[in-house]
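Residue numbers (this note's numbering), protein chains in the order written: chain A, 1 to 358; chain B, 1 to 269.
If you're looking for bench data, these hints aren't it; they were derived computationally from the structure. Among these hints, one or two may not hold up.
Pair by pair, the computed Cβ-Cβ distance ranges are [as the list claims (entries may be wrong)]: (1) A:219 <-> B:131: 27 to 35 Å; (2) B:141 <-> A:338: 32 to 40 Å; (3) A:10 <-> B:154: 31 to 39 Å.
All of these numbers come straight from a predicted model, not from anything done at the bench. Think of the CB as a built atom: it goes at the ideal place given N, C-alpha and C, for glycine as much as any other residue.
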Amino acid sequence: MLEAIRRDPKLKWAGVALIAIALLLLPFALASVGTAWVRITNFAILFSLLALGLNIVVGFAGLLDLGYIAFYAVGAYTYALLASPHFNIHLPWWAILPIGAAIACLFGILLGAPTLKLRGDYLAIVTLGFGEIIRIFLNNLSEPFNLTNGPKGIWSIDPIHVAGIDFGNATHIASFVVSGTIKYYYFLLALLMIVIVVNLRLQDSRIGRAWEAIREDELAARSMGINTRNMKLLAFAMGASFGGVAGGMFSAIQAFISPESFVLTESVMVLSMVVLGGMGNIWGVVLGAVLLSFVPELLRYTVAPVQRWLFGRAIIDPEVIRMLLFGLAMVVMMLFRPAGLLPSALRKRELVAPQDEL
Amino acid sequence: MSSEPLAAPAAAPILQVERIGKRFGGLVALSEVGFSIARGEIYGLIGPNGAGKTTLFNVLTGIYPQDEGTIRFEGAALARPTPDRIAKLGIARTFQNIRLFANLSALENVMIGRHVRTRVGVVGAILRNPGTRAEEAAIERRAWELLRYVGIAERANELARHLSYGDQRRLEIARALATDPKLLALDEPAAGMNATEKQDLRKLLEAIRGDGVTLLLIEHDVRLVMGLCDRVLVLDYGRNIAEGAPKEIRRDPRVIEAYLGKPREGEAP
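Please construct the entire structure, taking both the sequences and the accompanying hints into account.
Structure, rendered in structure tokens:
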């Protein structure tokens, strides 16, 4: 049935329009349940951005990166330092996000360059170390010159302003209230759309094919004239840039950041999203990010009530059982769908050899 | 330029290999190997297992650096050769133990071969402007052409790893041809093929030569080598022991001793 919808252009556009309307109305529906859910959705989108960036490195080029959160940190601190009272610099978001992406990109190349000859486990260990180095630097760069304010973090980070609209506060349109969180939702959604389009286009291009060739067989790729060094650096740089943009958005939304937000478990979380959704499949990765952002929150709200209903009181701390169920879900997933929820099946292009040429 | 000790071919040589040496630790894999291939030739490389044929291929295609000697391609010495630079210069290869991009379709495999002759970068890919779309269409058109050329167009959308052994070998040839090579180096292209497939392969290789591509091939199938090649180089223990037209090679006592063993009835000259 899905196939029929996909083939008929009218039905296809109707479907796209329906999804668009649903996405536009979603925050108001969520807000009526509870404002927290809009916020959770925002984080789901933020993690989708991150996972899509990591997917370029892990899914497309096949390079296992366990320190990806470092680029998120670089983007976040770039935003924080350029839009907060810390240095009393207050640049607009449209200047900072590209700067953050560029600096993260630079760090991506810094990480990529020494690891070009490493693959698999070895690359994973080095990238893991890189992620930790960045976090430890952030933690300690308050001396001798106070760059990052150490573990105390940076606060009062400027929210985003678009055309005079402050994203930090609610806007009243007549009697209609649009909260800051909802405004960020639209901003993030627009960003996600852009990143998805960029990813889809990269994947289906000369560059994307070169990455896939490296993933499949590096030596054969080189023998076909692909400069694997440059293409791997490009993958690291592109992935890192997306991480940097996501980090900038994180700063703007949170208004406070500290090194604690950029620990190894976060890298593992983003990697889990990529793997769970389906490495290399853009829609799968988004699905993985959304699921892993929502399910733990759903459990947070349901585990305690369910226990109370079953046993009369909450026996196990919701936080504990949440991780337990999360771990269990991952094990089950890997046993039954090792390629992810939406595996990157061969993109069966519906290309048929042009008839007249056959 | 030409201080070649070997019989100078009529046309200007496309590849000159001069006193190549390669060691792996204490093992001498190649020693003073030298030969030259004329443009448009089909040049065979034979020798018993472990003679150094594949090592020579790997040196020629930049996978290993040689310890001694020079390689000249179209008259220019290859400085700091790497596989991608070699491919760009116009030498393409296939592998003895087929190395396709197994989880990509046959079509995509060939499209990847076009990488080195196309230009679109990240910005072009993201903007997908008319130039990008035109290049992409040209890549696809050429890939289809090549799949038809080697005779596996009807398998274009199948994963490379689902193809039969013979078709995988053909796909490797199509992928190599996609790089627009001047010299195509084939490492045992007939291995694992049945008699009919070998016959088709021979026709294909002759057609490729007809299109102006010079061929260098390692092959164990003596009948194929003798029927197809203009000249043959015999390696044994990393040295060249004989070179010449297939007919001469067959009579060469050193070759008979090292490689062919005792001449069999019906095959001996």
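What are the numbers of the hints that this structure violates, sorted from low to high?
none
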